[in-house]
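Engineer: Sequence:
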Amino acid sequence: MAISIKTAEEIEKMRTAGRLAAEVLTMIEAEVKAGVHTDDL
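Each residue of the sequence shown is one higher than the one before, starting from 4 at the first, in the numbering used here.
Keep in mind that the hints are not guaranteed to be accurate.
[To be verified] Ranges between beta-carbon positions, derived for each pair:
id, residue 1, residue 2, range
1, Gly38, Glu12, 21 to 31 Å
2, Thr41, Arg18, 34 to 44 Å
3, Ala25, Ala5, 20 to 30 Å
4, Leu28, Ile6, 22 to 32 Å
5, Ala5, Glu34, 35 to 45 Å
6, Gly21, Asp43, 23 to 33 Å
7, Ile8, Leu44, 14 to 24 Å
Note that these hints are calculated values from the structure, not bench results. Every residue gets a Cβ at the ideal spot worked out from N, C-alpha and C, and that includes glycine.
Throw the hints in and build the complete structure from the sequences for me.
Structural biologist: This is the structure:
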């Protein structure tokens, strides 16, 4: 697999995606329990 060099714009988009993912995980944190299906989250 080749390593691709990212542009500043691509890096910023990746940061934004990471922040959004972290926000979603924080929002569902209280609902994540053993036995809860991912479709229910």
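Engineer: Sort out which numbered hints this structure fails and list those numbers smallest first.
Structural biologist: Hints 1, 2 and 7 are the ones this structure does not satisfy, whereas the remaining hints hold.
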